[in-house]
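Chemist: Read top to bottom, the protein sequences are chains A and B. Numbering follows this note's numbering, in which position 97 of the first sequence is assigned residue number 97; successive positions increment by one, without gaps. Numbering follows this note's numbering, in which position 86 of the second sequence is assigned residue number 86; successive positions increment by one, without gaps.
Derived by calculation from the structure, the hints in this document are not laboratory data. In this text the structure is predicted, and so the values were computed from the model without any measurement. Glycine included, C-beta positions come from ideal geometry on N, C-alpha and C. No incorrect hints appear here.
So the derived label-pair ranges between C-beta atoms look like this:
no.: 1; chain 1: A; residue 1: Gly113; chain 2: B; residue 2: Ile128; range: 54 to 60 Å
no.: 2; chain 1: B; residue 1: Arg63; chain 2: A; residue 2: Lys98; range: 21 to 27 Å
no.: 3; chain 1: A; residue 1: Ala5; chain 2: B; residue 2: Glu102; range: 22 to 28 Å
no.: 4; chain 1: A; residue 1: Gly113; chain 2: B; residue 2: Leu77; range: 56 to 62 Å
no.: 5; chain 1: B; residue 1: Ile128; chain 2: A; residue 2: Met28; range: 51 to 57 Å
no.: 6; chain 1: A; residue 1: Lys98; chain 2: B; residue 2: Thr24; range: 40 to 46 Å
no.: 7; chain 1: A; residue 1: Gly113; chain 2: B; residue 2: Arg75; range: 50 to 56 Å
What follows is each chain in one-letter form.
Protein chains: 2
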Amino acid sequence: MNLNADWVVGFVDGEGCFHVGINTHKEMTLGVQVLPEFTVVQHKRDVQLLEALKSFFGCGVVRVNHGDRLAYRVRKLEHLREIIIPFFSKHPLQSKKKLDFELFKSVLLLMEGGVHLRKNGIEEIRSIAIKMNRGLQRESPAKLETN
Amino acid sequence: MNLNADWVVGFVDGEGCFHVGINTHKEMTLGVQVLPEFTVVQHKRDVQLLEALKSFFGCGVVRVNHGDRLAYRVRKLEHLREIIIPFFSKHPLQSKKKLDFELFKSVLLLMEGGVHLRKNGIEEIRSIAIKMNRGLQRESPAKLETN
Chain A
1 MNLNADWVVG FVDGEGCFHV GINTHKEMTL GVQVLPEFTV VQHKRDVQLL EALKSFFGCG
61 VVRVNHGDRL AYRVRKLEHL REIIIPFFSK HPLQSKKKLD FELFKSVLLL MEGGVHLRKN
121 GIEEIRSIAI KMNRGLQRES PAKLETN
Chain B
1 MNLNADWVVG FVDGEGCFHV GINTHKEMTL GVQVLPEFTV VQHKRDVQLL EALKSFFGCG
61 VVRVNHGDRL AYRVRKLEHL REIIIPFFSK HPLQSKKKLD FELFKSVLLL MEGGVHLRKN
121 GIEEIRSIAI KMNRGLQRES PAKLETN
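Construct all of the structure, not just a fragment, from the sequences and the given hints.
Modeler: Below is the structure:
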């Protein structure tokens, strides 16, 4: 299965998710871990498609998400910075998900400057993260879950 | 907003739905109406995207689906036959939704031969329609609703 760039953008406009998790984590300096991730969740019948995305980007993993759903997921900062962000900067999303991507990108830039290692930096990142996926989160939690 | 064919295929792989409704309808010869439709449902924040799909295909309508969701919808048999089906035959879907499309196409072909106007024809169409969106229908009704 060979995917092309425009198809990937269209599919991610529909099914992709740019997310920044901020989790409690004892071993981190501030007791908090900032976890940006790019995911695409699909029913397991389309596992080949997720594997094709993994090959297309040359990074990430395919894992069980929950129940019958699998996720293609990229968490490594290096891969997000050097592969995922440049790709969607060069091939812009067409949906309002583009706004989430721009916020995601700004969090990654802040992290590159080490902002997430300072207490007020965490708050800055939290204030950006809270704006992401906002419309969906408020109005359709069921959809968000698989998105 | 100018969409290209590969983007459209990717987006429909994620968000599109090929559906054949079989509804009771007093005014029809057999009291049953066969209603094939192609839809793409999005949150209203992406109304421009649905309008862009309408322009891309040069047919269909954008309507409220339910709540905050809008649908781009093609129901006219002529448009399904002459625009939608040829497009996805030329630019194949990459996900398993392709199987739904093939079933959808076979129903349209049967309807062209007038099969839906005969009682045993309706049963033939029903047996095809029941196979469509099957995996999702059984395992994730919530997802189906917005799909």
